Amino acid sequence: MTPKLWFSMVFLGGLAVLGALVPLLPFDPNAIDPEAMVQPPSIVHWFGTDDLGRDILLRSLYGARISLVVGLVSVSISLMIGVSIGLIAGFMGGLGDAIIMRCIDVMMALPTLFLILMVQVVLEPSMLNVMVVIGATSWMGMARLVRAEVLSIKERVFVTACRARGIAEKTVLMKHILPHTLNPVIVAAMLGMGGAILVESVLSFLGLGVQPPHASWGNMLENSLGYLRSAPWMALIPGVLITLTVLSLNFLGDGLWLLLDPKAKESHVKRS
Amino acid sequence: MLSVRNLDVQFASKENTVHAVKGISYTISPGESLGIVGESGSGKSVSAMAIMGLLPPTATISGDIDFNGQSLRDLSNKDYRRIRGKKIGYIFQNPLAALNPVFTVGNQMIETIQIHHGVTKPEARDLAIDYLNKVKITDAHQRIDDYPHQFSLGMCQRIMIAMTLSMKPELLIADEPTASLDVTTQKEILALMDELTAETNMAMMFISHDLAVVSERCDTVGVMHLGTMVEMGTPKDIFTSPKNDYTRTLIDAIPKISF
Amino acid sequence: MSIIAKRLIQAIPLVFGASFVSFLMMHLAPGDPTIMFMDPSVSQNDLDQVRENLGLNAPLLVQYFHWVSALLQGNFGYSYITGQPVFDAICERLPATLMLSVASLSLILLITFPLGILCGYKKDTWVDDSITIFSFLGLSIPTFWLGLMFILVFSLQLDWLPTSGFMDPLLRDAPWYQQLASVLRHMALPLLTITVGGIAGLIRYNRFSMIKILAQDYITAARARGLSERRICFKHALKNALLPIITILGLDLPSLIGGSFIIEYIFSWPGMGQLGVQAVFQRDYPILMATIFFSSVLIIIGNVLADVSYAMADPRISSPRKGAA
Numbered sequence: 001m002t003p004k005l006w007f008s009m010v011f012l013g014g015l016a017v018l019g020a021l022v023p024l025l026p027f028d029p030n031a032i033d034p035e036a037m038v039q040p041p042s043i044v045h046w047f048g049t050d051d052l053g054r055d056i057l058l059r060s061l062y063g064a065r066i067s068l069v070v071g072l073v074s075v076s077i078s079l080m081i082g083v084s085i086g087l088i089a090g091f092m093g094g095l096g097d098a099i100i101m102r103c104i105d106v107m108m109a110l111p112t113l114f115l116i117l118m119v120q121v122v123l124e125p126s127m128l129n130v131m132v133v134i135g136a137t138s139w140m141g142m143a144r145l146v147r148a149e150v151l152s153i154k155e156r157v158f159v160t161a162c163r164a165r166g167i168a169e170k171t172v173l174m175k176h177i178l179p180h181t182l183n184p185v186i187v188a189a190m191l192g193m194g195g196a197i198l199v200e201s202v203l204s205f206l207g208l209g210v211q212p213p214h215a216s217w218g219n220m221l222e223n224s225l226g227y228l229r230s231a232p233w234m235a236l237i238p239g240v241l242i243t244l245t246v247l248s249l250n251f252l253g254d255g256l257w258l259l260l261d262p263k264a265k266e267s268h269v270k271r272s
Numbered sequence: 001m002l003s004v005r006n007l008d009v010q011f012a013s014k015e016n017t018v019h020a021v022k023g024i025s026y027t028i029s030p031g032e033s034l035g036i037v038g039e040s041g042s043g044k045s046v047s048a049m050a051i052m053g054l055l056p057p058t059a060t061i062s063g064d065i066d067f068n069g070q071s072l073r074d075l076s077n078k079d080y081r082r083i084r085g086k087k088i089g090y091i092f093q094n095p096l097a098a099l100n101p102v103f104t105v106g107n108q109m110i111e112t113i114q115i116h117h118g119v120t121k122p123e124a125r126d127l128a129i130d131y132l133n134k135v136k137i138t139d140a141h142q143r144i145d146d147y148p149h150q151f152s153l154g155m156c157q158r159i160m161i162a163m164t165l166s167m168k169p170e171l172l173i174a175d176e177p178t179a180s181l182d183v184t185t186q187k188e189i190l191a192l193m194d195e196l197t198a199e200t201n202m203a204m205m206f207i208s209h210d211l212a213v214v215s216e217r218c219d220t221v222g223v224m225h226l227g228t229m230v231e232m233g234t235p236k237d238i239f240t241s242p243k244n245d246y247t248r249t250l251i252d253a254i255p256k257i258s259f
Numbered sequence: 001m002s003i004i005a006k007r008l009i010q011a012i013p014l015v016f017g018a019s020f021v022s023f024l025m026m027h028l029a030p031g032d033p034t035i036m037f038m039d040p041s042v043s044q045n046d047l048d049q050v051r052e053n054l055g056l057n058a059p060l061l062v063q064y065f066h067w068v069s070a071l072l073q074g075n076f077g078y079s080y081i082t083g084q085p086v087f088d089a090i091c092e093r094l095p096a097t098l099m100l101s102v103a104s105l106s107l108i109l110l111i112t113f114p115l116g117i118l119c120g121y122k123k124d125t126w127v128d129d130s131i132t133i134f135s136f137l138g139l140s141i142p143t144f145w146l147g148l149m150f151i152l153v154f155s156l157q158l159d160w161l162p163t164s165g166f167m168d169p170l171l172r173d174a175p176w177y178q179q180l181a182s183v184l185r186h187m188a189l190p191l192l193t194i195t196v197g198g199i200a201g202l203i204r205y206n207r208f209s210m211i212k213i214l215a216q217d218y219i220t221a222a223r224a225r226g227l228s229e230r231r232i233c234f235k236h237a238l239k240n241a242l243l244p245i246i247t248i249l250g251l252d253l254p255s256l257i258g259g260s261f262i263i264e265y266i267f268s269w270p271g272m273g274q275l276g277v278q279a280v281f282q283r284d285y286p287i288l289m290a291t292i293f294f295s296s297v298l299i300i301i302g303n304v305l306a307d308v309s310y311a312m313a314d315p316r317i318s319s320p321r322k323g324a325a
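Residue numbers (our numbering), protein chains in the order written: chain A, 1 to 272; chain B, 1 to 259; chain C, 1 to 325.
Read the hints as simulated data drawn from the structure, not as lab findings.
These numbers come from a predicted model, not from an experiment.
Just to be clear, a hint being listed does not mean it is correct.
[Claimed, not checked] Derived DSSO-like pairs: lysine-lysine, alpha-carbon spacing no greater than 30 Å straight-line:
id, chain 1, residue 1, chain 2, residue 2
1, B, Lys-136, B, Lys-87
2, B, Lys-87, C, Lys-6
3, B, Lys-78, C, Lys-235
4, B, Lys-78, B, Lys-168
5, B, Lys-134, C, Lys-235
6, B, Lys-134, B, Lys-187
7, C, Lys-235, B, Lys-136
[What the hints assert, rightly or not] Pairwise CB distance ranges (calculated):
id, chain 1, residue 1, chain 2, residue 2, range
8, A, Glu-155, C, Ile-133, 36 to 42 Å
9, A, Lys-154, C, Val-68, 37 to 43 Å
10, B, Asn-133, C, Met-312, 28 to 34 Å
11, B, Val-119, A, Lys-154, 52 to 58 Å
12, A, Ile-43, B, Thr-17, 51 to 57 Å
13, C, Pro-95, A, Ser-42, 46 to 52 Å
14, A, Thr-2, C, Asp-88, 50 to 56 Å
15, A, Gly-207, C, Cys-91, 37 to 43 Å
16, B, Val-119, C, Cys-91, 57 to 63 Å
17, A, Phe-7, C, Ser-69, 37 to 43 Å
18, C, Pro-169, A, Tyr-227, 23 to 29 Å
Glycine included, every Cβ here is placed at the ideal spot set by N, Cα and C.
Next comes chain A alone, as it looks inside the complex (with noise of 0.2 Å):
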């Protein structure tokens, strides 16, 4: 364990176990309070106050449970379709393998903010919304990264010997192909879900995610823009635990690429 481990795990794990806890506490983060506004951090308000009295820290705790459940949730969706997706291009290999790739490509040359913007401004703005739309835009990593592994692990011995055993396609390829590609998505997992509370922060600045009066690390930015120079606390302290957040993520990610790849160092710039 490496000290950027643990301040990962602590650092992660404590803003999992606040934002899971606080709304037991008895405050509400949208309560106004016309008699503190834009105050600076004190003992009362240890992260200060915004434009409408309203407590910073509070609102900081709200918009960790967003960002988290954002992150989790649209890593997930990423993953399912990356994962199936490159799960099946590798498989076929052939002329599906290429009409795939060549739609990945043409997905990644798009830029995906503004499909997403687009796609916000069409629907309606919301964390579902949200989650769906980053989960849809960023899969065509993993999906690149899984087809490698599988073109790789499908001319190894061993998968010619399961065949040769009479097992079935399917089998081969869920019982013993998938399992083979797990430790490089889970490690691309975690630089995902940095990746997407970093969109998510984006979206929800520019008002086109998650919709105030609930916080978010996002709109307390947008909400932090006409304040600058009057209130820096404002936009300092979402900033901060935005880039906490994700750096946590990444040290995760390249810690446990590190553990679990012996081979890490040579495999890392490769391209598909």
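Got chain A; can you put chains B and C on it based on the hints?
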């Protein structure tokens, strides 16, 4: 000329320590050739790399390495560079891997010659072509501008030999120079090396896993096993009266004794 | 060269794919897609005529075909808000976007390369550790927030640089060098923001490829020939390290371009990104569509350029093997 005494090399990592070379000693006199035989992992390449001073920083080395009366282990990196290549040449097992893929063969040869002989670029180029001719590369004056991947493996090894000899070393360390080649190319390269070493009368350390190949061309043969030198003597002694069980296994493994 | 031709041909289906997705998105948008094509000043009669001509009841693919042929003639439709032809609006914004992305790309390369090499060379020392931590931080910071922080520090607190825009409007009639200086001052912060975000990922790739290269036989062989460390690092390792970076840059292009769009918006830099984000707010679908399409084309061109330069830089691809000897 070269004297190695109680050379000991350990590689330390977080989990465990590998004792690669356990206190071996040998000497090579001018014009003499020493063969070192052993299976992979027996420490023969590690001991050669220790002579070049090119082991990674994770290695802990003890013992003495003297070259022409000078202790190599005390040398600064700058002084060591005057020994490497210029005094002690090194031929690698995989010639294609030992040539930089993104520079032409000529570029790498000219650079080497210029550094060690202080000649101008055109002179270095002429010298390089001479040496390529010596190792029997056809159309050397044209092919000097080709990249390593444009040559066959055997040709690459010829180029490596040409490059090493162009520095006129006093001692040549050949680390399994034919192990990555196919059988016919192996014979050609060995014949070429015999011819060129006879011509220059330089000392040689020939590392191989093949006892027969070493015995045919070395004055002394040392057998290494798991980091120790289990036996050392003339090829004849080793074959007629091997003292060590491991040496006997090696001899028995040779299909026919060619001597 | 044949490699260039081959890559260009491979890129064509990608462009069509991107245009097809843009077309589908347009159908997703509420309202009648015909209206997007039309000069708002045309009469209802003409509109009906065009609907007829376009065959709006025709199958989707036929409609797509009509749309693409309009695209090929440079007809991207008209902005809902200003009525300006979309193609003109995009062309107006393209120079600012290209200026910012070319500048940031060059800066990213100039900074990443030596740092990554240094990191790989000084592997596991404090230099390596601090650069690695920095690159992790850079990967994790939301770029738009970094932009805000730069505004907070450099514009609001220190008052060194302007917060947003392209050029001081008072300099409209000033000599060109004053205008240039003003543009550069306005570009500084967005450029810095994009560069910090872009550097982070590349340094890590650079470090890994350098570590990999330094472990190769040819590096040991170069040392065994008595070459100096400086020569080994800056000649033998450097050129090999350059090659994977070209590929990685090509792969990173979408995120670089995507990231820079938000930055354009934050700093009101008059490029395609700002245009696109504004179009999102104004529900100006024709503009949005064209932004999506044009940025895909930019990304595809970037990828082709990366592949071609890789092929030219790597002798293993550009110099074919002669007959085995």
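Hint by hint, here is what the structure shows:
1. Between B:Lys-136 and B:Lys-87 the alpha-carbon distance is near 24 Å, which keeps this suggested pair within the 30 Å criterion.
2. As the CA atoms of B:Lys-87 and C:Lys-6 are separated by approximately 50 Å, the hinted pair breaks the 30 Å bound.
3. Distance hint between B:Lys-78 and C:Lys-235 is fulfilled; the C-alpha atoms sit about 18 Å from each other, no more than 30 Å.
4. This hinted pair checks out: B:Lys-78 and B:Lys-168 have alpha carbons roughly 19 Å apart, not beyond 30 Å.
5. Straight-line distance between C-alpha atoms of B:Lys-134 and C:Lys-235 comes to about 28 Å, which keeps the hinted pair within the 30 Å bound.
6. Taking the CA atoms of B:Lys-134 and B:Lys-187, the gap is about 17 Å. The hint holds against a cut of 30 Å.
7. Taken as a hint, the C:Lys-235 and B:Lys-136 pair is honoured in the structure, with Cα atoms around 29 Å apart against an allowance of 30 Å.
8. Distance hint check for A:Glu-155 and C:Ile-133: the Cβ-Cβ separation is about 39 Å, which falls inside the suggested range of 36 to 42 Å.
9. Taking 37 to 43 Å as the suggested C-beta distance range, the pair A:Lys-154 and C:Val-68 conforms, at roughly 38 Å.
10. The beta-carbon spacing between B:Asn-133 and C:Met-312, approximately 32 Å, falls within the hinted interval of 28 to 34 Å.
11. At about 55 Å, the CB distance of B:Val-119 to A:Lys-154 agrees with the hint of 52 to 58 Å.
12. Taking 51 to 57 Å as the suggested C-beta distance range, the pair A:Ile-43 and B:Thr-17 conforms, at roughly 55 Å.
13. For the hinted restraint 46 to 52 Å between C:Pro-95 and A:Ser-42, the CB-CB distance of approximately 49 Å keeps it satisfied.
14. In this structure the supplied range 50 to 56 Å holds for A:Thr-2 paired with C:Asp-88, their Cβ-Cβ distance being about 55 Å.
15. For the pair A:Gly-207 and C:Cys-91, the beta carbons lie near 29 Å from each other, so the given range of 37 to 43 Å is not met.
16. At roughly 58 Å, the beta carbons of B:Val-119 and C:Cys-91 sit within the given window of 57 to 63 Å.
17. Separated by about 57 Å at the C-beta atoms, A:Phe-7 and C:Ser-69 break the suggested range of 37 to 43 Å.
18. Our hint of 23 to 29 Å for C:Pro-169 and A:Tyr-227 holds, since their Cβ atoms are close to 26 Å apart.
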